[in-house]
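Asker: Numbered per this note's numbering, the sequence shown finishes at 484, counting up by one with no gaps.
Keep in mind the hints are simulated off the structure, nothing from the lab. Remember, it's a predicted structure, so these values are computed and weren't measured experimentally. Among the hints, a few may not be true.
What the hints assert, rightly or not - Simulated pairs of lysine-lysine, DSSO-like, Cα-Cα distance not exceeding 27 Å:
id, residue 1, residue 2
1, K97, K150
2, K242, K49
3, K242, K205
Said to hold, decoys possible - Here are the simulated distance ranges between beta carbons:
id, residue 1, residue 2, range
4, A116, G382, 16 to 24 Å
5, R72, A116, 50 to 58 Å
6, E231, P159, 43 to 51 Å
7, L293, G382, 54 to 62 Å
8, E51, V217, 19 to 27 Å
9, E431, D391, 13 to 21 Å
10, R35, S291, 37 to 45 Å
11, P145, A473, 53 to 61 Å
Think of the CB as a built atom: it goes at the ideal place given N, C-alpha and C, for glycine as much as any other residue.
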Amino acid sequence: MATTLPAWLTAALDYLPQWLAFQMRVSEQPGCVVAVAHKGEVVWERAFGSADLSTQRPLTPRHRFRVASHSKSFTAAGILRLREAGKLGLDDPVGRYVEGLHPAVAEARLMQVLCHGAGLVRDGSDSGHWMNRRPFPDRKALLAGLAMPPVIEGSTRLKYSNHGYALLGLVIEAVTGEPYRDWMRREVIQAAGLKETEPDGPPAKSVPFARGHSGKLPLGERVVVPNESETKSFAAAGGVVATAADLARFFASLDPAAKTSLLSPASRREMVHAQWRDPYSSLEWHYGLGTLSGKVGDWEWFGHSGSFPGTISCTLVLPGRDLCLSIATNAVDGLANLWAGGAVQILRAFATEGAPSKKTQPWGGRWWGLWGAVDLVAMKDHVKVAGPAQVNPFLNATEIAVTGKDKGRIRLAGAFQSHGEEARLVRGTDGTLRELWLGGIQLVTEASLTKELKRQSKKTQAAKQTVKRRAGSP
(Lines of atoms letter the chains of each structure in order from A and count residues from 1; the text may use other names and numbers.)
(Lines give C-alpha, C1' and ligand atoms only; values in the text may rest on other atoms or scores of the structure.)
Protein backbone atom coordinates (compact mmCIF):
# COMPACT_ATOMS: atom_id res chain seq x y z
CA MET A 1 0.00 0.00 0.00
CA ALA A 2 1.33 3.40 -0.97
CA THR A 3 -0.30 5.16 1.97
CA THR A 4 0.15 4.44 5.66
CA LEU A 5 -3.18 3.35 7.09
CA PRO A 6 -4.38 4.00 10.63
CA ALA A 7 -4.02 0.90 12.81
CA TRP A 8 -7.79 0.70 13.34
CA LEU A 9 -8.41 0.71 9.57
CA THR A 10 -5.89 -2.07 9.00
CA ALA A 11 -7.64 -4.13 11.69
CA ALA A 12 -11.05 -3.44 10.16
CA LEU A 13 -9.83 -4.51 6.72
CA ASP A 14 -8.46 -7.71 8.26
CA TYR A 15 -11.91 -8.64 9.56
CA LEU A 16 -13.99 -7.41 6.63
CA PRO A 17 -13.17 -10.32 4.26
CA GLN A 18 -13.82 -12.88 7.02
CA TRP A 19 -17.30 -11.47 7.52
CA LEU A 20 -18.03 -11.14 3.80
CA ALA A 21 -16.87 -14.68 3.06
CA PHE A 22 -19.31 -15.98 5.68
CA GLN A 23 -22.08 -13.79 4.28
CA MET A 24 -21.42 -15.31 0.87
CA ARG A 25 -21.76 -18.83 2.29
CA VAL A 26 -24.98 -18.06 4.12
CA SER A 27 -26.64 -16.18 1.26
CA GLU A 28 -25.34 -18.47 -1.51
CA GLN A 29 -24.64 -15.48 -3.73
CA PRO A 30 -22.75 -16.12 -6.99
CA GLY A 31 -20.12 -13.43 -6.52
CA CYS A 32 -19.09 -10.21 -4.81
CA VAL A 33 -16.29 -7.68 -5.22
CA VAL A 34 -15.49 -5.01 -2.63
CA ALA A 35 -13.01 -2.14 -2.85
CA VAL A 36 -12.01 0.43 -0.23
CA ALA A 37 -10.34 3.76 -0.98
CA HIS A 38 -8.48 5.84 1.60
CA LYS A 39 -7.62 9.44 0.73
CA GLY A 40 -8.69 8.74 -2.85
CA GLU A 41 -6.42 5.73 -3.32
CA VAL A 42 -7.72 2.16 -3.48
CA VAL A 43 -5.93 0.47 -0.59
CA TRP A 44 -7.84 -2.81 -0.41
CA GLU A 45 -9.98 -4.92 -2.75
CA ARG A 46 -11.19 -8.49 -2.69
CA ALA A 47 -13.32 -10.78 -4.84
CA PHE A 48 -15.45 -13.73 -3.72
CA GLY A 49 -17.26 -16.42 -5.67
CA SER A 50 -17.88 -16.80 -9.38
CA ALA A 51 -18.12 -14.42 -12.32
CA ASP A 52 -20.30 -16.88 -14.22
CA LEU A 53 -21.98 -19.90 -12.62
CA SER A 54 -22.41 -21.58 -16.00
CA THR A 55 -18.63 -21.77 -16.44
CA GLN A 56 -17.54 -21.48 -12.78
CA ARG A 57 -15.05 -18.77 -13.71
CA PRO A 58 -13.66 -17.24 -10.50
CA LEU A 59 -14.52 -13.60 -9.90
CA THR A 60 -11.59 -11.17 -9.62
CA PRO A 61 -11.31 -7.49 -8.65
CA ARG A 62 -10.64 -6.72 -12.34
CA HIS A 63 -14.07 -7.92 -13.45
CA ARG A 64 -16.34 -5.19 -14.76
CA PHE A 65 -19.94 -4.96 -13.54
CA ARG A 66 -23.06 -3.27 -14.86
CA VAL A 67 -23.40 -0.68 -12.12
CA ALA A 68 -26.67 0.81 -13.33
CA SER A 69 -27.79 3.95 -11.48
CA HIS A 70 -24.25 4.79 -10.41
CA SER A 71 -24.37 6.28 -13.93
CA LYS A 72 -26.50 9.12 -12.58
CA SER A 73 -23.58 10.36 -10.47
CA PHE A 74 -21.35 10.33 -13.56
CA THR A 75 -24.00 12.20 -15.58
CA ALA A 76 -24.54 14.76 -12.81
CA ALA A 77 -20.77 15.32 -12.66
CA GLY A 78 -20.84 15.89 -16.42
CA ILE A 79 -23.60 18.49 -16.14
CA LEU A 80 -21.75 20.31 -13.35
CA ARG A 81 -18.53 20.21 -15.37
CA LEU A 82 -20.36 21.93 -18.24
CA ARG A 83 -21.77 24.45 -15.78
CA GLU A 84 -18.25 25.23 -14.54
CA ALA A 85 -17.21 25.78 -18.17
CA GLY A 86 -20.04 28.29 -18.61
CA LYS A 87 -21.86 26.11 -21.15
CA LEU A 88 -25.15 25.90 -19.21
CA GLY A 89 -26.86 26.91 -15.99
CA LEU A 90 -28.71 24.70 -13.52
CA ASP A 91 -31.73 27.01 -13.70
CA ASP A 92 -31.92 26.60 -17.48
CA PRO A 93 -35.09 24.87 -18.76
CA VAL A 94 -34.30 21.56 -20.48
CA GLY A 95 -36.37 22.69 -23.46
CA ARG A 96 -33.61 25.18 -24.26
CA TYR A 97 -31.43 22.26 -25.31
CA VAL A 98 -33.80 19.46 -26.37
CA GLU A 99 -36.71 19.74 -28.80
CA GLY A 100 -39.80 17.55 -29.01
CA LEU A 101 -40.63 17.62 -25.29
CA HIS A 102 -44.06 18.16 -23.79
CA PRO A 103 -44.29 21.88 -22.92
CA ALA A 104 -44.46 21.14 -19.19
CA VAL A 105 -41.40 18.84 -19.45
CA ALA A 106 -39.56 21.49 -21.47
CA GLU A 107 -40.11 24.00 -18.65
CA ALA A 108 -38.39 21.76 -16.08
CA ARG A 109 -35.09 23.20 -14.89
CA LEU A 110 -31.89 21.18 -15.04
CA MET A 111 -31.67 21.38 -11.25
CA GLN A 112 -35.11 19.78 -10.92
CA VAL A 113 -34.19 16.92 -13.22
CA LEU A 114 -30.85 16.33 -11.48
CA CYS A 115 -32.51 15.92 -8.06
CA HIS A 116 -35.56 13.97 -9.34
CA GLY A 117 -37.88 16.84 -8.51
CA ALA A 118 -39.37 17.42 -11.97
CA GLY A 119 -42.25 14.96 -11.58
CA LEU A 120 -41.23 12.96 -14.67
CA VAL A 121 -42.26 9.39 -15.42
CA ARG A 122 -39.88 6.79 -14.01
CA ASP A 123 -39.43 4.40 -16.95
CA GLY A 124 -42.19 5.16 -19.45
CA SER A 125 -45.31 3.15 -20.15
CA ASP A 126 -43.36 -0.09 -20.73
CA SER A 127 -40.20 -0.74 -18.70
CA GLY A 128 -39.60 -4.19 -20.18
CA HIS A 129 -35.98 -3.25 -20.88
CA TRP A 130 -35.30 -3.62 -17.15
CA MET A 131 -36.75 -7.16 -17.31
CA ASN A 132 -34.69 -8.23 -20.37
CA ARG A 133 -37.95 -8.48 -22.31
CA ARG A 134 -37.01 -5.93 -24.96
CA PRO A 135 -34.04 -3.74 -25.95
CA PHE A 136 -33.43 -0.42 -24.24
CA PRO A 137 -35.24 2.51 -25.90
CA ASP A 138 -33.46 4.54 -28.56
CA ARG A 139 -33.61 8.32 -28.83
CA LYS A 140 -36.88 8.27 -30.76
CA ALA A 141 -38.60 6.09 -28.16
CA LEU A 142 -37.22 8.21 -25.32
CA LEU A 143 -38.52 11.43 -26.86
CA ALA A 144 -41.91 9.80 -27.44
CA GLY A 145 -42.11 9.18 -23.69
CA LEU A 146 -41.00 12.72 -22.90
CA ALA A 147 -43.64 14.11 -25.25
CA MET A 148 -46.13 13.09 -22.56
CA PRO A 149 -46.77 15.46 -19.63
CA PRO A 150 -45.10 15.04 -16.23
CA VAL A 151 -46.79 12.48 -14.00
CA ILE A 152 -47.05 14.94 -11.11
CA GLU A 153 -46.40 18.64 -10.69
CA GLY A 154 -42.73 19.53 -10.36
CA SER A 155 -41.06 20.54 -7.07
CA THR A 156 -43.69 18.75 -4.98
CA ARG A 157 -41.77 15.63 -3.92
CA LEU A 158 -38.91 13.27 -4.74
CA LYS A 159 -39.90 11.16 -7.75
CA TYR A 160 -37.09 9.05 -9.18
CA SER A 161 -36.93 9.12 -12.97
CA ASN A 162 -34.67 7.20 -15.34
CA HIS A 163 -36.35 9.11 -18.16
CA GLY A 164 -35.19 12.32 -16.50
CA TYR A 165 -31.53 11.26 -16.46
CA ALA A 166 -31.80 9.95 -20.01
CA LEU A 167 -33.01 13.47 -20.87
CA LEU A 168 -29.89 14.91 -19.23
CA GLY A 169 -27.86 12.72 -21.58
CA LEU A 170 -29.59 14.45 -24.49
CA VAL A 171 -28.75 17.82 -22.92
CA ILE A 172 -25.06 16.87 -22.78
CA GLU A 173 -25.16 15.85 -26.45
CA ALA A 174 -26.86 19.13 -27.44
CA VAL A 175 -24.39 21.30 -25.51
CA THR A 176 -21.22 19.46 -26.57
CA GLY A 177 -22.20 18.44 -30.08
CA GLU A 178 -20.85 14.95 -29.39
CA PRO A 179 -22.40 11.55 -28.61
CA TYR A 180 -22.96 11.18 -24.86
CA ARG A 181 -20.64 8.22 -24.46
CA ASP A 182 -17.76 9.86 -26.36
CA TRP A 183 -17.86 13.10 -24.38
CA MET A 184 -18.38 11.34 -21.03
CA ARG A 185 -15.51 8.94 -21.66
CA ARG A 186 -13.09 11.80 -22.30
CA GLU A 187 -14.35 14.62 -20.08
CA VAL A 188 -15.53 12.68 -17.04
CA ILE A 189 -14.22 9.10 -16.96
CA GLN A 190 -10.71 9.74 -18.31
CA ALA A 191 -10.53 13.15 -16.62
CA ALA A 192 -11.13 11.36 -13.31
CA GLY A 193 -8.25 8.97 -14.04
CA LEU A 194 -10.46 5.88 -14.39
CA LYS A 195 -9.11 3.04 -16.54
CA GLU A 196 -11.67 0.30 -15.87
CA THR A 197 -14.87 2.20 -16.67
CA GLU A 198 -16.98 2.72 -19.80
CA PRO A 199 -20.13 4.84 -20.13
CA ASP A 200 -22.12 1.95 -21.61
CA GLY A 201 -21.99 -1.66 -22.74
CA PRO A 202 -21.34 -3.98 -24.32
CA PRO A 203 -17.97 -4.51 -22.62
CA ALA A 204 -14.94 -5.21 -24.77
CA LYS A 205 -14.25 -8.92 -25.21
CA SER A 206 -10.72 -8.34 -23.95
CA VAL A 207 -11.83 -7.33 -20.44
CA PRO A 208 -13.17 -9.67 -17.74
CA PHE A 209 -16.90 -9.18 -17.24
CA ALA A 210 -19.18 -10.37 -14.42
CA ARG A 211 -22.27 -12.08 -15.79
CA GLY A 212 -25.56 -11.37 -14.08
CA HIS A 213 -27.67 -14.07 -12.43
CA SER A 214 -31.28 -14.62 -11.47
CA GLY A 215 -32.51 -15.50 -8.01
CA LYS A 216 -32.89 -19.16 -7.04
CA LEU A 217 -36.68 -19.01 -7.35
CA PRO A 218 -38.83 -20.03 -9.18
CA LEU A 219 -36.48 -22.54 -10.88
CA GLY A 220 -34.75 -23.64 -7.69
CA GLU A 221 -31.39 -22.63 -9.16
CA ARG A 222 -29.74 -19.51 -10.51
CA VAL A 223 -29.38 -18.97 -14.25
CA VAL A 224 -27.25 -16.48 -16.16
CA VAL A 225 -29.07 -13.24 -16.99
CA PRO A 226 -27.84 -11.51 -20.17
CA ASN A 227 -26.56 -8.08 -19.15
CA GLU A 228 -24.03 -7.03 -21.77
CA SER A 229 -26.29 -5.05 -24.11
CA GLU A 230 -26.08 -1.35 -24.93
CA THR A 231 -28.50 0.82 -22.98
CA LYS A 232 -28.71 3.31 -25.88
CA SER A 233 -30.50 6.52 -24.86
CA PHE A 234 -30.54 5.34 -21.23
CA ALA A 235 -26.75 5.26 -20.79
CA ALA A 236 -26.95 8.49 -18.79
CA ALA A 237 -29.34 6.81 -16.36
CA GLY A 238 -27.89 3.33 -16.08
CA GLY A 239 -25.30 2.34 -18.67
CA VAL A 240 -21.94 2.49 -16.86
CA VAL A 241 -19.71 -0.60 -16.80
CA ALA A 242 -17.00 -0.43 -14.13
CA THR A 243 -14.98 -2.23 -11.48
CA ALA A 244 -15.66 -1.71 -7.80
CA ALA A 245 -12.21 -0.14 -7.53
CA ASP A 246 -12.97 2.50 -10.16
CA LEU A 247 -16.26 3.31 -8.45
CA ALA A 248 -14.39 3.81 -5.16
CA ARG A 249 -11.89 6.09 -6.90
CA PHE A 250 -14.54 8.15 -8.66
CA PHE A 251 -16.86 8.64 -5.72
CA ALA A 252 -13.95 9.40 -3.38
CA SER A 253 -13.06 12.24 -5.76
CA LEU A 254 -16.58 13.68 -5.27
CA ASP A 255 -15.94 14.23 -1.57
CA PRO A 256 -15.87 18.00 -1.09
CA ALA A 257 -12.63 17.53 0.89
CA ALA A 258 -10.89 15.48 -1.83
CA LYS A 259 -7.54 16.97 -2.87
CA THR A 260 -7.99 16.07 -6.55
CA SER A 261 -11.22 16.03 -8.52
CA LEU A 262 -12.63 16.90 -11.93
CA LEU A 263 -15.05 19.27 -10.14
CA SER A 264 -14.47 22.29 -7.94
CA PRO A 265 -15.14 21.98 -4.20
CA ALA A 266 -18.19 24.23 -4.64
CA SER A 267 -19.68 21.94 -7.29
CA ARG A 268 -18.99 18.88 -5.14
CA ARG A 269 -20.68 20.47 -2.15
CA GLU A 270 -23.68 21.25 -4.32
CA MET A 271 -23.72 17.73 -5.72
CA VAL A 272 -23.84 15.98 -2.34
CA HIS A 273 -26.13 18.49 -0.64
CA ALA A 274 -29.49 16.88 0.24
CA GLN A 275 -32.30 18.30 -1.90
CA TRP A 276 -35.15 15.89 -1.20
CA ARG A 277 -36.03 13.54 1.64
CA ASP A 278 -38.00 10.37 1.02
CA PRO A 279 -40.70 10.47 3.73
CA TYR A 280 -42.08 7.08 2.70
CA SER A 281 -38.89 5.07 3.26
CA SER A 282 -38.22 3.14 6.45
CA LEU A 283 -34.62 4.35 6.11
CA GLU A 284 -33.74 8.01 6.47
CA TRP A 285 -32.13 9.01 3.19
CA HIS A 286 -32.05 11.97 0.83
CA TYR A 287 -31.26 12.74 -2.79
CA GLY A 288 -28.95 15.49 -4.00
CA LEU A 289 -27.66 16.09 -7.52
CA GLY A 290 -27.01 12.55 -8.70
CA THR A 291 -26.18 11.33 -5.19
CA LEU A 292 -27.93 9.62 -2.30
CA SER A 293 -27.07 10.43 1.31
CA GLY A 294 -27.87 9.13 4.76
CA LYS A 295 -26.36 7.79 7.97
CA VAL A 296 -25.09 4.49 9.39
CA GLY A 297 -25.29 5.04 13.12
CA ASP A 298 -23.73 8.47 13.63
CA TRP A 299 -21.58 8.21 10.48
CA GLU A 300 -22.83 10.20 7.52
CA TRP A 301 -22.43 8.92 3.98
CA PHE A 302 -23.18 9.88 0.40
CA GLY A 303 -22.97 7.80 -2.75
CA HIS A 304 -25.28 5.81 -4.97
CA SER A 305 -26.56 2.32 -5.62
CA GLY A 306 -27.41 0.49 -8.82
CA SER A 307 -29.74 -2.28 -9.97
CA PHE A 308 -29.26 -3.76 -13.44
CA PRO A 309 -30.73 -7.06 -14.69
CA GLY A 310 -28.57 -9.55 -12.82
CA THR A 311 -26.45 -7.18 -10.69
CA ILE A 312 -26.76 -5.02 -7.56
CA SER A 313 -24.07 -2.52 -6.51
CA CYS A 314 -23.56 0.18 -3.87
CA THR A 315 -20.90 2.82 -3.19
CA LEU A 316 -20.64 4.90 -0.01
CA VAL A 317 -18.33 7.82 0.74
CA LEU A 318 -17.73 8.67 4.40
CA PRO A 319 -17.08 12.44 4.48
CA GLY A 320 -14.53 13.64 6.98
CA ARG A 321 -13.03 10.16 7.26
CA ASP A 322 -11.19 9.94 3.92
CA LEU A 323 -12.94 6.65 3.15
CA CYS A 324 -15.02 5.26 0.32
CA LEU A 325 -16.17 1.68 -0.19
CA SER A 326 -17.86 0.04 -3.15
CA ILE A 327 -19.51 -3.36 -3.33
CA ALA A 328 -20.74 -5.08 -6.50
CA THR A 329 -22.71 -8.34 -6.60
CA ASN A 330 -23.84 -10.31 -9.64
CA ALA A 331 -27.36 -11.53 -8.85
CA VAL A 332 -30.76 -9.85 -8.83
CA ASP A 333 -31.01 -10.55 -5.09
CA GLY A 334 -27.47 -9.36 -4.39
CA LEU A 335 -26.97 -7.88 -0.94
CA ALA A 336 -24.65 -5.04 -1.93
CA ASN A 337 -26.70 -2.36 -0.19
CA LEU A 338 -26.98 -4.30 3.07
CA TRP A 339 -23.36 -5.39 2.97
CA ALA A 340 -22.19 -1.82 2.37
CA GLY A 341 -24.03 -0.78 5.53
CA GLY A 342 -22.55 -3.73 7.42
CA ALA A 343 -19.06 -2.85 6.20
CA VAL A 344 -19.50 0.70 7.50
CA GLN A 345 -20.56 -0.72 10.88
CA ILE A 346 -17.32 -2.73 10.96
CA LEU A 347 -15.25 0.34 10.08
CA ARG A 348 -17.15 2.41 12.63
CA ALA A 349 -16.59 -0.13 15.41
CA PHE A 350 -12.82 -0.27 14.90
CA ALA A 351 -12.54 3.51 14.51
CA THR A 352 -14.42 3.97 17.79
CA GLU A 353 -12.94 1.15 19.85
CA GLY A 354 -9.43 0.86 18.45
CA ALA A 355 -7.13 -1.76 16.97
CA PRO A 356 -6.23 -4.90 18.94
CA SER A 357 -3.64 -4.61 21.71
CA LYS A 358 -1.05 -7.19 22.75
CA LYS A 359 -3.44 -8.22 25.50
CA THR A 360 -6.47 -8.82 23.29
CA GLN A 361 -4.71 -9.98 20.09
CA PRO A 362 -4.54 -13.70 21.06
CA TRP A 363 -8.33 -13.83 21.17
CA GLY A 364 -9.61 -14.52 17.69
CA GLY A 365 -10.99 -17.06 15.28
CA ARG A 366 -14.36 -18.43 14.31
CA TRP A 367 -16.08 -20.74 16.76
CA TRP A 368 -19.01 -23.06 16.17
CA GLY A 369 -21.86 -24.64 18.06
CA LEU A 370 -25.17 -26.21 17.16
CA TRP A 371 -26.74 -22.72 16.97
CA GLY A 372 -24.22 -21.41 14.46
CA ALA A 373 -20.92 -19.52 14.39
CA VAL A 374 -19.42 -16.60 16.29
CA ASP A 375 -16.26 -14.61 15.65
CA LEU A 376 -13.90 -13.40 18.33
CA VAL A 377 -12.84 -9.93 17.17
CA ALA A 378 -10.19 -8.23 19.26
CA MET A 379 -10.47 -4.49 19.90
CA LYS A 380 -8.11 -2.28 21.91
CA ASP A 381 -9.33 -3.09 25.42
CA HIS A 382 -11.86 -5.88 24.91
CA VAL A 383 -12.94 -8.67 22.58
CA LYS A 384 -16.24 -8.68 20.73
CA VAL A 385 -18.23 -11.86 20.12
CA ALA A 386 -19.48 -11.02 16.65
CA GLY A 387 -22.25 -12.69 14.65
CA PRO A 388 -20.90 -13.25 11.11
CA ALA A 389 -24.35 -14.32 9.89
CA GLN A 390 -25.75 -10.88 10.77
CA VAL A 391 -25.73 -7.96 8.36
CA ASN A 392 -24.22 -5.95 11.22
CA PRO A 393 -21.93 -8.47 12.93
CA PHE A 394 -21.45 -6.24 15.98
CA LEU A 395 -25.13 -5.65 16.67
CA ASN A 396 -25.74 -6.40 20.39
CA ALA A 397 -22.38 -8.18 20.49
CA THR A 398 -21.20 -9.73 23.76
CA GLU A 399 -17.94 -8.21 25.03
CA ILE A 400 -15.12 -9.97 26.87
CA ALA A 401 -12.62 -8.29 29.18
CA VAL A 402 -9.32 -10.22 29.05
CA THR A 403 -8.12 -10.98 32.59
CA GLY A 404 -5.20 -13.32 31.94
CA LYS A 405 -3.68 -15.78 29.50
CA ASP A 406 -6.67 -17.38 27.75
CA LYS A 407 -8.96 -16.13 30.52
CA GLY A 408 -11.58 -13.42 30.52
CA ARG A 409 -14.84 -12.20 31.94
CA ILE A 410 -17.98 -11.38 29.98
CA ARG A 411 -18.20 -7.68 30.76
CA LEU A 412 -21.25 -6.96 28.63
CA ALA A 413 -24.00 -9.19 27.30
CA GLY A 414 -27.74 -9.22 26.78
CA ALA A 415 -30.09 -10.16 29.59
CA PHE A 416 -30.58 -13.62 28.11
CA GLN A 417 -26.85 -14.20 27.66
CA SER A 418 -24.03 -14.97 30.11
CA HIS A 419 -23.29 -11.48 31.44
CA GLY A 420 -20.65 -11.45 34.21
CA GLU A 421 -19.62 -15.08 33.68
CA GLU A 422 -16.25 -16.54 32.76
CA ALA A 423 -14.85 -16.72 29.23
CA ARG A 424 -11.87 -18.90 28.41
CA LEU A 425 -9.87 -20.38 25.58
CA VAL A 426 -8.71 -24.00 25.62
CA ARG A 427 -5.55 -25.09 23.80
CA GLY A 428 -4.29 -28.46 22.75
CA THR A 429 -0.93 -29.90 23.77
CA ASP A 430 0.63 -28.21 20.73
CA GLY A 431 -0.68 -24.81 21.82
CA THR A 432 -3.34 -24.64 19.12
CA LEU A 433 -6.68 -23.16 20.15
CA ARG A 434 -9.30 -25.91 20.34
CA GLU A 435 -12.28 -24.53 22.26
CA LEU A 436 -13.96 -21.35 23.40
CA TRP A 437 -16.12 -21.31 26.51
CA LEU A 438 -18.62 -18.50 27.10
CA GLY A 439 -20.01 -19.21 30.52
CA GLY A 440 -21.21 -22.81 30.25
CA ILE A 441 -21.38 -22.81 26.44
CA GLN A 442 -18.68 -24.76 24.67
CA LEU A 443 -17.80 -23.71 21.12
CA VAL A 444 -15.37 -25.59 18.89
CA THR A 445 -13.73 -25.33 15.49
CA GLU A 446 -15.74 -25.88 12.32
CA ALA A 447 -13.91 -29.16 11.69
CA SER A 448 -14.76 -30.43 15.18
CA LEU A 449 -18.43 -29.50 14.87
CA THR A 450 -18.60 -31.15 11.45
CA LYS A 451 -17.33 -34.42 12.94
CA GLU A 452 -19.75 -34.09 15.86
CA LEU A 453 -22.76 -33.56 13.60
CA LYS A 454 -21.75 -36.49 11.39
CA ARG A 455 -21.54 -38.75 14.46
CA GLN A 456 -24.99 -37.57 15.56
CA SER A 457 -26.33 -38.21 12.06
CA LYS A 458 -24.96 -41.76 12.07
CA LYS A 459 -26.56 -42.42 15.44
CA THR A 460 -29.89 -41.09 14.17
CA GLN A 461 -29.73 -43.26 11.07
CA ALA A 462 -28.80 -46.30 13.13
CA ALA A 463 -31.73 -45.66 15.46
CA LYS A 464 -34.09 -45.43 12.48
CA GLN A 465 -32.85 -48.76 11.14
CA THR A 466 -33.36 -50.35 14.56
CA VAL A 467 -36.96 -49.09 14.65
CA LYS A 468 -37.59 -50.45 11.13
CA ARG A 469 -36.18 -53.88 12.03
CA ARG A 470 -38.30 -54.08 15.17
CA ALA A 471 -41.40 -52.97 13.28
CA GLY A 472 -40.84 -55.75 10.75
CA SER A 473 -40.16 -58.52 13.34
CA PRO A 474 -42.99 -60.97 14.34
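Asker: Each hint should be assessed against the structure and marked as holding or not.
Answerer: Hints, one by one, checked against the model:
1. K97 x K150: 25 Å, holds
2. K242 x K49: 35 Å, violated
3. K242 x K205: Holds, because 22 Å separates the two Cα atoms, which is no more than 27 Å.
4. A116 x G382: 16 to 24 Å: With Cβ atoms ~58 Å apart, the hint is violated.
5. R72 x A116: 50 to 58 Å: 43 Å, violated
6. E231 x P159: 43 to 51 Å: 44 Å, holds
7. L293 x G382: 54 to 62 Å: 27 Å, violated
8. E51 x V217: 19 to 27 Å: 22 Å, holds
9. E431 x D391: 13 to 21 Å: Check passed, 19 Å falls within 13 to 21 Å.
10. R35 x S291: 37 to 45 Å: About 30 Å separates the Cβ atoms of R35 and S291, which means 37 to 45 Å is violated.
11. P145 x A473: 53 to 61 Å: At roughly 60 Å between Cβ atoms, A473 and P145 fall inside 53 to 61 Å, so the hint holds.
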